[in-house]
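Student: Could you build all of it, start to finish, from the sequences and the hints given here?
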Amino acid sequence: MAMVADNAKPSIIGWISSIIPLGLFAALLYFVPQVTAGHVFQIQLDWIPSLGIALSIAIDGLSLLFALIICFVGFFVTLYAADYLPKKAAAGKFFVYLHSFLLSMLGLVMADNLLAMFVFWELTTIISYLLIGFECELETARRNARQALLVTGAGGLALLIGFLLLGSISNTYDLSRITLQAAAIKTDPLYMVVLTMVFIGAFTKSAQVPFHFWLPNAMSAPTPISAFLHSATMVKAGIYLLARLHPILGGTFAWMGTLVVTGGITALVGSVLAMKASDLKRILAFTTMMALGILTMFLGGKTTPALTAAMTFLMVHSLYKSSLFLVVGIIDHQTGTRNINHLGGLLKAMPITACAAATAALSMAGFPLFLGFIGKEIMYKGALTEEWFPFFATTAALLANALMTAVAGIIIIKPFLGTLQKSPRLPREAPWTMWLGPVFMGGLGLVFGIIPDWIGNWLIKPAVRAFHPSMENIQLKLFHGINEPLLLSIATLSLGALFYLLKQPLRQTIDYVLRQIPIRFEHLYTGGLEGIAKIARMQNRILQNGSLHRYLSIIIGSVILGVGLPFVFGYIPFDFVRYPYPSLSAWLLGGIIIVAVVAAVATKTRLLAICSLGVVGAGIAMLFLINGAPDVALTQLLVETLTVIIVSLVLLRLPRLSARRPKLSAGKIWNGILAIAMGALITALIQAVNQTDLQRSLTDFFEANSYIAAHGRNIVNVILVDFRSLDTLGEITVVALAGLASYGLIRKRKVQ
Amino acid sequence: MPSLILKTATRLLVGLILTFSIYLLLRGHNAPGGGFAAALVAGTGFAMFAIAEGPAVVRQAVRIAPQMIAMGGLGLALASGLVAPLTGQPFFTGIWWIWEKEQASELAIGTPLFFDVGVYFAVLGTILTLILALEEN
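Top line first, the protein sequences correspond to chains G and L. Its first residue numbered 1, the first sequence is counted upward by one per residue in the numbering used here. Its first residue numbered 1, the second sequence is counted upward by one per residue in the numbering used here.
Rather than coming from a laboratory, the hints here were simulated on the basis of the structure. Since the model is a prediction, treat every value here as computed from it, not as a measurement. Keep in mind that the hints are not guaranteed to be accurate.
Said to hold, decoys possible - Label pairs and their computed distance ranges (CB to CB):
(1) L:L12 x G:V595: 27 to 37 Å
(2) G:G546 x L:P85: 38 to 48 Å
(3) G:G546 x L:L12: 42 to 52 Å
To be verified - What the simulated footprint calls covered on chain L by chain G, stretch by stretch (three residues with Cβ under 8 Å from a Cβ of chain G suffice, anywhere in the stretch; the number is not a length):
(4) 32-40
(5) 58-71
(6) 86-100
(7) 114-121
(8) 124-132
Note that CB positions come from ideal geometry on N, CA and C, so glycine has one too.
Tutor: Below you can see the structure in the form of structure tokens.
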């Protein structure tokens with residue numbers, strides 16, 4: 001589905017609002033020299049001081065690298081989206097989401113407080129939900145958005161648990177202060193729990209196996225969003241988290257083992273699936289998965305080359321992948337399709353786009369002179385120095401990189417070379433705002449590839465130093481001499497070429513193998529969702545079937561169980577023998593109540609039943625009165641009166657009760673048992689209350705202060721309208737809302 | 001068809017009942033009564049009226065839609081709590097205006113009184129909503 005209108009005017013909002021990321025980028029550049037010199041900028045604002053949550057901002061090398069990437073890509077994506085969006089689309093909404101996302105992402109990478117960081121983390125999840133589901137009239141967009149939200153949201157909850165535990169272990173939520181206690185945290189008994197929770201958070205966000213399935217589905221977002229969120233920024237949040245927590249949690253066997261293995265598997269799965277896919281955007285999504293896997297794998301290491309490899313590849317990947325996504329968006333926008341099988345020969349029609357695509361793809365393939373080559377060299381150097389599983393890491397990196405080379409070939413050769421294929425729209429070059437981003441980012445890949453020192457010294461070294469203080473000096477260089485990494489690079493390129501030539505049989509093999517695997521993680525997800533819905537339906541059927549009788553039985557039954565069991569097991573001191581002897585009038589009233597109860601149960605007419613219940617209520621009110629509670633008695637009497645009126649209004653419209661004596665059914669016996677049990681329970685409760693010493697401190701307080709502070713002698717009323725008026729406000733709100741709700745129900749019946 | 005006796009008695013009684021309900025409302029601070037009880041009394045009066053004369057007559061007599069009465073009562077109760085924050089005291093602190101009279105007796109009028117009136121209208125409005133809807137059904 002392409003969002004296209006041929007004569008669409010570019011969105012002014014997009015152009016104007018691109019000032020936000022551009023301005024932020026310029027502002028961030030200002031920090032570069034001092035951060036490179038090792039300075040950390042810190043600002044602290046109190047947020048919720050009582051909970052120790054501060055909005056602390058810290059800008060160090062790591063934050064700065066991420067922030068610069070976010071603003072840089074954000075600027076080109078904004079500019080691009082101004083032309084990409086169709087005329088009818090709600091451009092205002094789109095750019096508000098986009099820039100809110102950009103700001104939350106910046107907050108995430110600059111927050112120096114775990115809880116503030118968590119808030120930004122969740123914000124990115126929520127805004128990404130809105131963006132993936134931007135074309136909300138499409139069923140698939142809604143489903144995919146929900147899937148991404150649920151998967152990353154669940155991860156976010158796990159992360160919150162991890163953060164809270166981390167905070168409780170170290171008694172602070174400030175990252176910089178937690179870092180000082182790293183040694184103690186690693187030996188804490190809760191370390192493994194914290195680690196697991198943080199990993200779940202990072203793995204869901206960064207689409208690691210087995211949580212990877214949401215990422216390709218998230219491609220239902222508009223392409224600029226995919227370029228921004230699902231390649232350069234949001235999916236890197238998990239990577240950022242791992243890097244940020246590396247000095248605190250990293251370096252243990254659990255950390256290294258998990259990250260290297262998970263990352264390696266994710267990289268392999270991603271690159272294999274990328275070979276198989278035919279939708280250009282899905283191909284890119286799987287290659288992003290591969291990149292995230294590689295990044296995770298290298299963050300598992302603790303040597304300087306491994307961590308430098310992670311940061312370098314982060315930069316490399318952001319440049320070429322955003323560029324490629326934008327190119328795919330242009331192809332989609334200009335031709336109307338992004339199926340690789342329907343594309344070909346676009347070079348002549350779209351030369352500039354083709355150039356941008358070529359530079360990006362060559363960087364992705366890792367050709368010499370491109371930044372991707374440097375990234376790959378340092379990657380092999382890092383993999384070889386890993387303390388654990390260096391062989392696994394090197395092999396995984398080699399295979400994944402070779403497959404990337406082949407995929408880069410597929411992306412660039414198939415659509416642009418060969419004969420022109422028939423596409424839904426006649427292809428022509430895109431407007432400059434659209435190709436500017438890909439050209440710029442692709443070009444930077446070449447410039448930095450030739451002069452790697454610039455980013456090496458200014459961005460990558462400070463970033464690594466921020467979470468790996470004891471670093472040795474690693475120079476990014478085009479040519480290191482003939483050594484193992486160079487040989488591995490040559491092997492990668494040759495293997496990649498081989499894979500490209502064998503792509504047809506390779507695809508068939510992958511297809512075949514995939515069909516042999518019985519489980520899909522996505523099916524586990526949908527199965528889980530269906531299971532929850534099934535349980536909900538079942539409990540609805542049992543507990544909430546719409547019958548008032550059922551509701552009452554459940555409520556009374558649970559009260560009997562919940563309050564009655566402590567009695568049975570003797571948790572409530574209670575002695576039947578110490579019975580206060582009632583007065584004669586109490587006996588009389590009791591007799592009247594019992595007669596009325598029997599009448600209510602035995603009668604054949606509704607009116608008599610209602611009136612009998614009214615008598616019961618009035619009798620109880622009288623009991624209150626003779627025991628010295630006139631206020632309660634008055635209210636009780638009035639409530640009973642009104643109840644009789646309202647219930648008669650309802651019940652008198654129902655058909656007469658049957659004239660025959662009703663049969664004694666099992667249901668009726670059960671009702672009787674419930675009623676008697678409830679009555680017995682209340683009696684026992686009152687007895688138990690009477691037998692304990694009442695705390696009189698509150699009563700004394702109210703008696704002493706009622707008149708002085710609230711000018712009233714009726715303590716009950718003074719409590720209601722003055723001392724506890726907030727409670728009363730809540731109660732009358734409930735009364736009014738319940739009234740409105742029942743009014744709605746009554747009117748609904750009438751309409752039907 | 002309601003009986004003549006009921007109709008006649010209702011005419012006499014409703015006025016009395018409503019007066020009594022206002023009496024209950026105002027005395028509530030010092031003796032049994034208060035907004036809630038008073039509203040129940042008034043509700044009973046209106047219910048009688050509705051049974052005798054039909055809901056349409058009651059609606060006409062009341063003029064304001066019962067739901068609006070309930071919401072107005074809620075609003076008044078809330079507003080009475082908001083007076084205190086305006087003077088810098090915590091939400092729902094009672095604010096009093098006191099007139100001293102002879103022989104050490106005083107007339108105190110405070111926000112809790114308005115709160116109680118709010119309770120009265122909230123509850124009365126709810127009861128009226130229900131009774132009228134049921135009668136019309």
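Student: It remains to establish, for every hint, whether it holds in the given structure.
Tutor: Hint check results:
no., hint, result
1, L:L12 x G:V595: 27 to 37 Å, "33 Å, holds"
2, G:G546 x L:P85: 38 to 48 Å, "44 Å, holds"
3, G:G546 x L:L12: 42 to 52 Å, "44 Å, holds"
4, 32-40, "holds (count 7)"
5, 58-71, "holds (count 3)"
6, 86-100, "holds (count 5)"
7, 114-121, "holds (count 4)"
8, 124-132, "holds (count 6)"
Hint compliance for this structure: every hint is met.
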